[in-house]
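Undergrad: Position chains B, C, D, E, F, G and H relative to chain A; hints supplied.
Protein chains: 8
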Amino acid sequence: MPDTFLSQFGQTRSDIKARHALLTPESHEWITQPGWSDTAFAFLISPDLGAKFAMALVSCDQAITAPSAAPGIARFVFCTKGALNLSTGDRLGVEGFAFVPPDSDITLSAEAGARFVLFEWRFLPRGDIPEAVCGSVADIKGSALRGDERLTVQKMLPADAAFDFEFNIMSFEPGASLAYVETHFMEHGLLMLDGGGVYRLDTDWYPVTAGDAIWMGPHVPQWFGALGRTPSRYLICKNYNRSPLAPR
Amino acid sequence: MPDTFLSQFGQTRSDIKARHALLTPESHEWITQPGWSDTAFAFLISPDLGAKFAMALVSCDQAITAPSAAPGIARFVFCTKGALNLSTGDRLGVEGFAFVPPDSDITLSAEAGARFVLFEWRFLPRGDIPEAVCGSVADIKGSALRGDERLTVQKMLPADAAFDFEFNIMSFEPGASLAYVETHFMEHGLLMLDGGGVYRLDTDWYPVTAGDAIWMGPHVPQWFGALGRTPSRYLICKNYNRSPLAPR
Amino acid sequence: MPDTFLSQFGQTRSDIKARHALLTPESHEWITQPGWSDTAFAFLISPDLGAKFAMALVSCDQAITAPSAAPGIARFVFCTKGALNLSTGDRLGVEGFAFVPPDSDITLSAEAGARFVLFEWRFLPRGDIPEAVCGSVADIKGSALRGDERLTVQKMLPADAAFDFEFNIMSFEPGASLAYVETHFMEHGLLMLDGGGVYRLDTDWYPVTAGDAIWMGPHVPQWFGALGRTPSRYLICKNYNRSPLAPR
Amino acid sequence: MPDTFLSQFGQTRSDIKARHALLTPESHEWITQPGWSDTAFAFLISPDLGAKFAMALVSCDQAITAPSAAPGIARFVFCTKGALNLSTGDRLGVEGFAFVPPDSDITLSAEAGARFVLFEWRFLPRGDIPEAVCGSVADIKGSALRGDERLTVQKMLPADAAFDFEFNIMSFEPGASLAYVETHFMEHGLLMLDGGGVYRLDTDWYPVTAGDAIWMGPHVPQWFGALGRTPSRYLICKNYNRSPLAPR
Amino acid sequence: MPDTFLSQFGQTRSDIKARHALLTPESHEWITQPGWSDTAFAFLISPDLGAKFAMALVSCDQAITAPSAAPGIARFVFCTKGALNLSTGDRLGVEGFAFVPPDSDITLSAEAGARFVLFEWRFLPRGDIPEAVCGSVADIKGSALRGDERLTVQKMLPADAAFDFEFNIMSFEPGASLAYVETHFMEHGLLMLDGGGVYRLDTDWYPVTAGDAIWMGPHVPQWFGALGRTPSRYLICKNYNRSPLAPR
Amino acid sequence: MPDTFLSQFGQTRSDIKARHALLTPESHEWITQPGWSDTAFAFLISPDLGAKFAMALVSCDQAITAPSAAPGIARFVFCTKGALNLSTGDRLGVEGFAFVPPDSDITLSAEAGARFVLFEWRFLPRGDIPEAVCGSVADIKGSALRGDERLTVQKMLPADAAFDFEFNIMSFEPGASLAYVETHFMEHGLLMLDGGGVYRLDTDWYPVTAGDAIWMGPHVPQWFGALGRTPSRYLICKNYNRSPLAPR
Amino acid sequence: MPDTFLSQFGQTRSDIKARHALLTPESHEWITQPGWSDTAFAFLISPDLGAKFAMALVSCDQAITAPSAAPGIARFVFCTKGALNLSTGDRLGVEGFAFVPPDSDITLSAEAGARFVLFEWRFLPRGDIPEAVCGSVADIKGSALRGDERLTVQKMLPADAAFDFEFNIMSFEPGASLAYVETHFMEHGLLMLDGGGVYRLDTDWYPVTAGDAIWMGPHVPQWFGALGRTPSRYLICKNYNRSPLAPR
Amino acid sequence: MPDTFLSQFGQTRSDIKARHALLTPESHEWITQPGWSDTAFAFLISPDLGAKFAMALVSCDQAITAPSAAPGIARFVFCTKGALNLSTGDRLGVEGFAFVPPDSDITLSAEAGARFVLFEWRFLPRGDIPEAVCGSVADIKGSALRGDERLTVQKMLPADAAFDFEFNIMSFEPGASLAYVETHFMEHGLLMLDGGGVYRLDTDWYPVTAGDAIWMGPHVPQWFGALGRTPSRYLICKNYNRSPLAPR
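Protein chains in written order, with UniProt numbering: chain A, 1 to 248; chain B, 1 to 248; chain C, 1 to 248; chain D, 1 to 248; chain E, 1 to 248; chain F, 1 to 248; chain G, 1 to 248; chain H, 1 to 248.
Because the hints were derived from the structure by calculation, they are not lab data.
Treat the hints with care, as some may be off.
Claimed, not checked - Derived SDA-like pairs (lysine to any residue); straight-line CA-CA distance at most 25 Å:
1) C:Lys52 with C:Arg233
2) D:Lys17 with C:Asp15
3) B:Lys238 with B:Asp103
4) C:Lys155 with C:Phe123
5) D:Lys52 with C:Gln33
6) D:Lys52 with A:Phe123
7) A:Lys17 with A:Gly211
8) E:Lys52 with G:Arg122
9) F:Lys17 with H:Ala179
10) C:Lys238 with B:Ser37
As the list claims (entries may be wrong) - To be clear about the criterion: a stretch of chain F counts as covered by chain A if any three or more of its residues have a C-beta under 8 Å from a C-beta of chain A, and this derived list gives those stretches:
11) 8-20
12) 194-207
The beta-carbon is built from N, C-alpha and C at its ideal position, and this holds for glycine as well.
Extracted from the complex, chain A is given alone in its bound form (with noise of 0.2 Å):
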């Protein structure tokens, strides 16, 4: 019986708390954007949820340009199937990414079939707006985390204090888990690319996989186990280099 089957009784394994939420793939739904044509929107997390950014899946059966950003919100990208293309000539295949400032001309442009992973939100200036970035997950070295080799991290946008987000790949070992339970006052919208395990939020315990998508919110008591056979992998975002008094 396919995974879903249950859907039509009211099964879900979405979970929306106070401070987090853990969003999967039989519960999204897919909507229009004004503006976007031929454009299918899984919006999984938002500033309604209590977010300071939105993280929405992007289905496009046809070529597409994307409309510009509203005035002060800036972009990243991450391409999960087919290929997006920027003004810029820049071409992003299957993990390949792009940042695009707030109130900037570079247009955006979908081929037929793509799907990405779309994150906004109000860019928080301090000095000098960075330039636009691209590039391929499959390009960027990896670090290991706090020294443990099991735990590897991809940066995708450079270490410039210009930048208000962090945009990363992480990379477990079977058996490999965050050191501790972290609690600090960023967010994160995470996607799971590969694998699975176990993510503590708040007081819950979730076993998630690939396509699972969660919100932390401020302060949310969070960690990871990577389990299975084979490495875990996730696409995560962080609002960074800003003060807990910045504005919001």
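TA: Here is chains B, C, D, E, F, G and H on its own, set in the frame of chain A:
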């Protein structure tokens, strides 16, 4: 013993949670509103509940003429008993409805004995503000939801991106249900018109029937299964055609 | 053993929830306020609790003259011991009360040994701001609530749409109760004056007695049943005469 | 086995609730802050938690000079290891402290190896903004709280209504406790310095010891009982000298 | 809409807990019993619930003669409609009752249309087994409970230590309540006959009315407050005259 | 991804409560039993769960002959795949069934590849012990439950008071439900055969589908609503024809 | 207002859980017992609660002679007011105690106005049954528990393996606590005699004071911290000198 | 600060639930047992917890000879420190083990300084009672569980249907986990020997490490995922080779 006998001892089916609410008739509080004469309101949903709109049952023993909405506020009315009239000359009988754009000079009046559902919200304009719309549910063609002929949706407002809210009638054959537990950033206000069944909201499950109202806040997991011998129908609104980063 | 003996070991009946609060005497914290000399305040309700108003017990060992309220802030005082005086020449004995409109030059003073309840809130003007009002509960005629002669309401302020708050005395014969579990968008602040019984707030049930205070937030389901040998009475405020879409 | 061994398997004593939080050392996340070189911060409390202030542990391996606070932001520092220096020439050793008013040109620097607690908040001025204050806990005379000689409070800032926050050291003999479960609209940030016992926050009870931090939000019921063979001491801040209707 | 309309969608007021149960009419299951012809039983309480006795509503459309109780089993019947007859010649009209000792040759019969409450339990003999007892509530003198004239108890069985159960009628004036929350090792079975109010059982609070049944297991905290315009009455049994170390 | 992929990370729909249990296929533990060769058992319900009977799924890769039941133990078998044979010469194909009384010399054998449901319980004799019964669901006439033609019950055992358990097939048209939330002292073991919907057990609501098993303990509130496009069917047993005071 | 005023509105501190109970004075139910004349009992703990013993407060307005315990039942009495006498000639004043072995012909009598604590349990003999024991707490030498001089234990019964229960007085200096949260298969019955503090039972935390009684069932996690200005003392029993596989 | 410092303030990781328990070292209560000299026991699991067996940690400072088990009681010992000797001449070093059948005349002795795990249970004979068994974990060949080479099981007792309990060592590579959440009628007692990870029991999730013990009652959902850098191992018993209808 009448349904409401236990109310005097503190019984209610109403349940108010952080992201959703069930509001049942035995707990309705009928009040007056400034500027409305001879009119009783039961405000079931309001911004104080966390909603982006207000939804009231309105009862007019006498014929009345409604005051204009406050500046920037749009209205939708749905007649459940008697009749309403617009200064445009339109008359709304039972299951007649009207959208009145914000800052309009159209006047709404109610005949003696009329009852209607009133929605008010701060309109979110994108380009031209749409014109007023009038109609009757009986005249609206339904379409199958996601291809399931057991679920019919009748859209009372045109599919025009200038509108920021949808108002629909959903009809379920007995045994039909939503195909999955939806979670999305849009909100809903709902009034059961016929039939009944089980509503799942977040991790709560509620038996519901005609007369019950529901608020579904942003991202709350939501699902309905229709039971009984006859079809179930509900009136439902959704804030729509908007980005999750739109001002609130 | 005195009622408060267990307080030193961490016992309290006070209970603070998201949409309501019970505040019992053994947990009152008496503080000072800028501009008030020789005056002790127990702020039981405040905007930090989620309320649209502040409610305090005030105790004056010495005769004092109160500073003016901040700009735009209205006041209601209810004397529970000794006497208060207004610069208008009105004197409020026990169960005397006064409404002082915002930005008024009327001065309030308290005689030595006076105790009173102080409400302050940002006044929501609709047209002319009403004049100050003084009176005594003993002089106010009661009326039966919803025709039930066992429940009497005494309205301390005139039925004038210019007022944005009501202040009432509710009296219940033993065995009387609210006719149903109310839910509405208006808030309440309540102080039990006499008697006692059971208060249902949301899904909590509280035994209450004279001296207990309650905050009922918007839409919280609420009900009271009066028990004991003698009538129960409480002082209650309600924000009123306002649209649920009014600015907050 | 060291205290933190189970952290890697998802164990923590930290607990984040709507109106309070316990933050224990094994879950501290050490980050950097824009403008601070060679300095690690563990922000335990922040506005994102619901607080009106930020509280951080700060660790400087190298000697550093701190950037100025943002406009309108006041600071309080409390040295727990090594020493801090102000441009006024004051030097703060262990348990030395300083208040730096907003928009001050006083510069703070830390000697290599220093650790301190940093509080920052948007100052709420009423009249003249107070001058900077420096001192050492050892020089502050304690007074018995509510006449109980087992509980001593040392007030680090002068009793001057111009201050909008208090910073105190509370000391408890073993067996001493707060006299009742307090509830009030003021908030607290707390760091246990010595000893331990049981903290009641809302309806939760926490064993606590030196190194644990607590946020107490507005109105949260709160109580501490000191146990063990030696006195317990904590550093605690309170927003103070303000009306509950003050802007936030 | 009739009270039970929502039952078909899964609604019930019945609530079964480890040490107590509320059993409301819409969830009664009417069954047959071996040896009884033409008789319907709703067993509300049984040893499978944890009780030391069984309590059933019994309905006889036809005139029937009941089979004897099983060996060692005592019976108490309370007529609520029509009439019952004993082979002793006693006739029980409405609110007539009878105790039949274990292993008795007294036969019970019911007239067509009779309804009655049946209690059965394994009798715990101490010395001589008492004789059968018949009577009518109307003939029993009440006495004030603990001297409170608002609470009357009518004891249907004699104050003879040979009995191991009590069967009483309790009457409450509106506003009367049990003087405290009782906890004891004896159990109760209860049927509300008139009126209503609030029953506290353990930490649950239930609005109750005529027709509701309650099981109170050993030691469960229990309290009732009577509300409404008319007196409340209930039938209640208690296992009694026994040591807590008696065989069970 | 297959339904059971998340099981390895700790996911299950199975839920074990004090008075009921849901047992879903991904958590079945297949074991052996003394005396049975080449046979795998998944015991879903047992006296250790609190039940008065055991219910197992049984799978025979090879042809086997079952050992006799223990003394005093009755059996009911229901074939779900392949075929079973009795020493009486009866052959049970799919949805064939047999009751074997306690202490019988009838032998049960299974053909290779057979799967069946096995019930075992301590028989409660009242007079003569009934003979063995064989049959097939297809040959059993259904009757409408409580006159509702959408709910059909097929009783596999005769309506003879000598039997102490019932075994029935319940069929629900889509949209049909039990007429109310039942509570009674009898227990149930249930296996969903077709379709699905929502099962309420106590205060829990479970989406269920074919393959799910349920234990309903004594007095547990219970209700089912059938959803989907096709009828739902389940196999259900009930201990019956017994007094609640019968020995257990 | 007296401590028990709120009891009439349903307030109690008593709390009954599956493995522990707190029993506070305002909920005591005073009953009679067969064979005891003029004697009131409050049975706080009994086998019906899950305990292996019964514990009662006993109050004798008149001089009485107690009936013998039932066969096989041992008794321990602890005098809290007035005096008790044994037929051996021993007289127990306040804090006098006696152990009476099962099936003894020693008679217990109480002087008018006496109050005492009565424990009864089915004695578990291992070899010779011990003789009766009498004494007074004042005569018993205390020893430090686990070497902590702040915690003193006085053992009222000899350290003889023939006894199956211990009865001890535990004394705590303010600030002293049990060294850890104990969990073991033995049970306790406890009566606070002096002082107070916080008792942790399972995951519940209770402020407790003199007069409170506690049942700790097998394996329940348990801990006490003593607070206040004066030492805390409690009377505590433990079933002891037995294997966990001993018959129950 | 040592791991157990907070224990004196009421902290423990032990958690006792209706169908499972986690028992962590800081809450162990060391007691004596009748007939054993100079021996300390920490009984972590017992029939009073709901288990069908007892499991203790045993510590012998001196050389001792154990008394025989009670009639009908079988024993299993597992040496964790020092050495044990049987009267058969077998010597058990670290990770040596022995099964002693009920009513055996084999004597067990412990060398000074020995520590071991002791299991005792009422043996359930089916045919001949098996002989004693001795061995060492190091000599037992492991086999992959369900074909997963990352999970190894070493069975310490022969695969002989006469045994009614299994005693196994389970070893998990980091990242390995049980393949699904098991639920079955058999119980387990478990002691973590090495490593750690996350144990799900019912709906609770526990970080566990070496030294932790677990009781899993009948049917409790159970799952383990191994984390960390090194393999995890645990000792586990299971009652086995028995029908769910077997006498208990």
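Undergrad: Against each hint, give a clear statement of whether it holds in the structure.
TA: Hints, verified against the model:
1. C:Lys52 with C:Arg233: Status holds; Cα separation ~24 Å.
2. D:Lys17 with C:Asp15: 15 Å, holds
3. B:Lys238 with B:Asp103: 21 Å, holds
4. C:Lys155 with C:Phe123: Given that 25 Å is the threshold and the Cα spacing comes to 19 Å, the pair holds.
5. D:Lys52 with C:Gln33: The hint holds at about 19 Å.
6. D:Lys52 with A:Phe123: Distance ~23 Å between Lys52 of chain D and Phe123 of chain A Cα, so the pair holds.
7. A:Lys17 with A:Gly211: 19 Å, holds
8. E:Lys52 with G:Arg122: 21 Å, holds
9. F:Lys17 with H:Ala179: 23 Å, holds
10. C:Lys238 with B:Ser37: It holds: about 21 Å lies between the C-alpha atoms, which stays within 25 Å.
11. 8-20: Coverage by chain A holds here, the residue count being 5 at a Cβ distance below 8 Å.
12. 194-207: Three-residue rule met by the stretch 194-207 of chain F, so holds; n is 5.
Comparing the model with each earlier hint shows no violations; every hint is respected.
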